[in-house]
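Line order of the protein sequences matches chains Z and R.
Take the first sequence: its letter number 219 is residue 219 in the numbering used here, and every next letter is one higher.
Take the second sequence: its letter number 110 is residue 110 in the numbering used here, and every next letter is one higher.
What the hints contain is simulated information worked out from the structure, not anything from laboratory work.
Every residue gets a Cβ at the ideal spot worked out from N, C-alpha and C, and that includes glycine.
Some clues are possibly wrong.
Said to hold, decoys possible - Below, simulated EDC-like cross-link-like pairs (lysine to aspartate or glutamate); rule was C-alpha separation at most 20 Å, straight line:
{"no.": "1", "chain 1": "R", "residue 1": "K33", "chain 2": "Z", "residue 2": "D120"}
{"no.": "2", "chain 1": "Z", "residue 1": "K23", "chain 2": "Z", "residue 2": "D120"}
{"no.": "3", "chain 1": "R", "residue 1": "K33", "chain 2": "Z", "residue 2": "E193"}
{"no.": "4", "chain 1": "Z", "residue 1": "K82", "chain 2": "Z", "residue 2": "E146"}
{"no.": "5", "chain 1": "R", "residue 1": "K165", "chain 2": "R", "residue 2": "D176"}
{"no.": "6", "chain 1": "Z", "residue 1": "K112", "chain 2": "Z", "residue 2": "E195"}
As the list claims (entries may be wrong) - Here are the computed distance ranges between Cβ atoms for each label pair:
{"no.": "7", "chain 1": "Z", "residue 1": "Y34", "chain 2": "R", "residue 2": "A179", "range": "53 to 59 Å"}
{"no.": "8", "chain 1": "Z", "residue 1": "R186", "chain 2": "R", "residue 2": "R288", "range": "32 to 38 Å"}
{"no.": "9", "chain 1": "Z", "residue 1": "P232", "chain 2": "R", "residue 2": "V8", "range": "42 to 48 Å"}
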Amino acid sequence: MGRNNNQLIKSIAGVIIFYALIKTAILTGFLNPYWQRVLDQSLIYVIGSLGLSLIFGFAGQFSIGHAAFFGLGAYSGGLVSKMLGTGSIPAFLLALLVSMLFTALVAYLIGKPVLRLQSDYLGIATLGFGVIVKVALDNANKLIPEMGGATGMTGVPQVVTFEWVFFFTVLAIIISRNFLHSTYGRVCTSIREDEIATSAVGINPAKYKMLVFVFGCALAGLAGGIYAHCYPFLHPSSFDFLQSFNFLIIVVAGGMGSLTGTVVTAVGWVFLQEGLRFALGEAFMDWRGVIYAVLLIILVLVRQQGLFGNKEIGVLAPRAVLTKGGKKNAAPES
Amino acid sequence: MEFFLEQVINGLQLGLVYALIALGYTMVYGIVKLINFAHGDVFMVGAFLGYFGFTYWGLPWPVAIIMSMVFCAILGVVIERIAYRPLRYAPRMIALISAIGVSFFLEYFCSLRFVFGANYRVVQRPLSEVSWQIGGITITNIQVLILVAVVAMLIFLQWIVHRTKMGAAMRTVSFDHDAARLMGVNVDRTISFTFALGSAMAAMGGVLYAIAYPQIQPFMGIMPGLKAFTAAVLGGIGLIPGAVLGALIMGQVETMTAAFISSQLRDAIAFGILIVVLLFRPTGILGRTETEKV
């Protein structure tokens, strides 16, 4: 187990060094406030994409409605914070908890009927759900005036600092990693590979599909809750199906079944978008979407398995499992 | 009652346009199992070309429609050749991302100032609107035009698919690429032909849409495309009658909701019905349930 301990120490060191580097960059003014926001945004996308990565990349359940859960998290958490109005840290944490629980509840209720559907049909059903949520958010002010409806919601206390985003990102990565390397995670992967074979060995796929769906959506809800406390203006159009495409692109382009791929691509993707804005300047702003689309097409043509395939690096890589005979009979670690 | 019947006719008009888009989706899905998200944008390009044809290039409108169809057929083939063919045997989701990429490309490229521009354009109708009163119901010549054009197109499509050699090849390839190849079918050419046919129909739908709802812009294809695809799934994807049936239902639902409930809830109810139908008939209304072999 020496290797694993080494890896653990290395990863903790890696996280601390990364944090220290960013902090130094902020304090020395190398990272100006604008790029700090971009960094925050990229980490929020990491959390949300991890959710879809679990649902789609690992358990193979095609969802094009992920942004709807992101939006539900943002609005529910934002609403709680706005109602409490104090902007204190306990209120913020309570709001995040509400974001996650509310999103998980909705995911459970919608997952119960739709998770029976297969592949593309599931995708279309979730896409439809996304459109419905968007319409609901557009008209939410008729029930709850604070939610603003189609004019957008303002007034959520902006309490999120880089530390919070960073903390929740690391937490989300650790939880996702541990989930995947648990029995539950292995069952999810086996459902992706072959659902019938999974049920043939006495596992109820419906239960595990539901579990991973609720968990993944709760992560999207958490990302949404943080988003609401990080950006002063929430609008339903930020959570429509084009946003769902963004999550889908991140997961597939990063490599289906690779947490590393999802994390790296989510950060890279946000920085690419902002980087293009920066690099092109005012005169070529119109070209941003075109260049982005061309890069996307070239990426999938050149690397059909996504950036990382199904590879993992560092502690995210699965450990060899000890078989019944103990350490002696364990499969050699690759 | 008359108001209701007029809404039925409005719904039919919308549904027929959706049907033209849905057919392209369903044929492409049937043959390569790919959700071609760029299809809605081909529809948009078709609408713009038709508009340019009869507004700026002085073409009579039937010629403008045909010109737009020919161009979009070529566009469809080029898209397939560049973005989908290299990925045909890659994981399916990768091709889907490529389709989303092509969709973004068409939208943003067409928004560029020297292409179509990002602004809304108001379409001057190439034929003046004439309306007839039949038993208290108003019917316009544009509705008749759409009905005739779409029905003609459907008959033409049925003829191609069931009576020609290319149609037989299309049906064979949709069953099994390898078996089709062994029988001497040129699979690549058949798929190209399917894209050309689907894109031409989307272009026709685009021009008719621009004439019926005279306002166009580069992102106009997203929602109709999404709804047409939903309609294809509703009817049973891969089936030509299913696409038409689904599109007609979609058109009615949307118009009826807008007329009698609330136009803001239009999309929510249309997609809500889709989810309910999928739950009871997971392969669509006309789709056959396939048992998965182990």
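Exercise for review: Of all the hints given earlier, name the ones this structure violates by number, lowest first.
Suggested key: 2
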